Amino acid sequence: MSPKIVVDGVSKTFQQGAVRALRDCALEVYPNEFLCIIGPSGCGKTTLLRIIDGLVTPDAGRVLIGGAEVTAPRKDIAVVFQHFGLFPWKMVYDNVAYGLRVHGHTESEIRESVPRYIELTGLAGFERSYPYQLSGGMQQRVGLARALAVEPSVLLMDEPFGSLDAQTRELMQEELLRLGRIQPKTLIFVTHSIDEAIILGDRIALMSSRPGTVKEVLDVDIPRPRDPEEVRRMSQYLTLRHHIWSELRSEVVGGVAR
Amino acid sequence: MSSTTVAKPSRAGGRTRRIASPAVVRTASVLAGLVAWEIYGRMIHSSIFTYPSAIGRASLALVEAGELQFYLKSSLIVFSLGLLLAIIAGIPLGVLFARRATVEYASDPWINALYATPTVALIPVIVLWLGFQTTAKVALVFLFCVFPILINTYQGVKNTDNRLVEVARSFCSGESRLWRDLILPSAAPFILAGVRLAIGRGLVGMVVAEFYTSINGLGYMIVQYANTFKTDRLFVPIVILMIMGVTLTSLLRRLERRVAPWLHMIMEEDRGA
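Chains as they are written, first to last, in this note's numbering: chain A, 1 to 258; chain L, 1001 to 1273.
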């Protein structure tokens, strides 16, 4: 099977080379695979995601999606942002419809499609609410519905649950597992939580501290459907967790010492 | 109030003491003020001071004579034309300055200099150029109004959340959609606040223009009745101006709240209300 996404030797510096964010990153993601990227904070995870989305141009290397080089944002890639990125003056319905409107879908297509994704993400009844009237978890459901509504072939998630409280976060992880069963997608999920990466991912890419590069890609050998609580008791979970933490620990400590 | 009781005002402590509703306190304050004015005003000679009921009678007389409507109409035309022109010119210019760095750098010394200059100082110049009639007065109101609108629009556009710009780019939004979905809605509360400031300044501009130019408008009424010591009539245009200011400003506030309910939500949370 040929990979859906190829990250090939991507490097990026900021501030005229003063900050080296990424160095020679390489990564392959297969169709309908759930890949988690984990690394110490400031390792360039988000930058890598933005390069894959075409928002940032790399200094060296390239990203291929479905064989075509990414040079600008594409309609078949959607992003879920850590900061939700909702428009405060749009109601939930219009926020979810945003991507479809921008992509030039007709109003009748939108009327047909938006309620389905509102239903799917558990937002029914909140169509006419404004984001500020919703909790963080609900706001991120809107972010998720907006991304899914454009029916992207690739979904990029940038620490989507990073700003939620611990309990909401676990609920949202279960939601994402459920959605993954209904609508499999090629998904890259950036996180700094080892637990989250193991529970959600098919594979986990471990990044080094800045300048970030992919150090190791681990297989998560846990069958689906997964129940987070059960997963946490499995021996594979504990082994992986221990391995990732010892790897990350040296990166974090090394990063601090530098 | 002793310093010990206000040293540490905790939120819970503030809530236990019941305070009458704000509307009741406000109404009581206004009524008490009016009554005190009425009593005190009656004790002073009518050419120096006046009192509410006399102002009421004088305004009825002025309405019956048709005088108030005549001058009010003239003032309103000047004011609304000046404000309208300031909105028409101020918003696009503000947007232009915010989006084109070269235009911004080229014009900001001029804008800052003109904004800092007391606009009143320009009145003789305007009269010299445009004469004493409506044109000159509209131009003055325009000058008073345009800067807060322009500067607030500029700030509003500059203040657009960059993270949302990235969201829009990520969804492949074109420039015109970006304006519709993001830049204008996020600048709207700033623009409205600018218009609200402009209304206050515009009323000042209107009255001052009427003091110094042709014989018309509420400003002229004020000068005329002050010179003839008809103090009760003098206060009629003043009260009208006050009502105009309060009504228009609160109208704009209400509009701001409707355009950007989330902003007021955040402000109320910050205040702990």
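In case anyone wonders, no lab produced these hints; they're calculated from the structure.
From a predicted model like this one, the values you see are computed outputs, not experimental measurements.
Worth double-checking, as some hints may not be accurate.
[Stated by the list, open to error] Stretch-level coverage of chain A by chain L, calculated; a stretch enters the list once three of its residues show a Cβ under 8 Å from a Cβ in chain L:
1. 80-88
2. 203-212
[Unchecked claim] Computed far set for chain A versus chain L, every beta-carbon distance over 10 Å:
3. Asp53
4. Glu175
5. Arg232
All C-beta atoms in this analysis are idealised placements derived from N, C-alpha and C, irrespective of residue type, glycine included.
Hints, one by one, checked against the model:
no.: 1; hint: 80-88; verdict: holds (count 5)
no.: 2; hint: 203-212; verdict: violated (count 0)
no.: 3; hint: Asp53; verdict: violated (6 Å)
no.: 4; hint: Glu175; verdict: holds (21 Å)
no.: 5; hint: Arg232; verdict: holds (33 Å)
Of the numbered hints stated above, those contradicted by the structure are hints 2 and 3, listed in ascending order.
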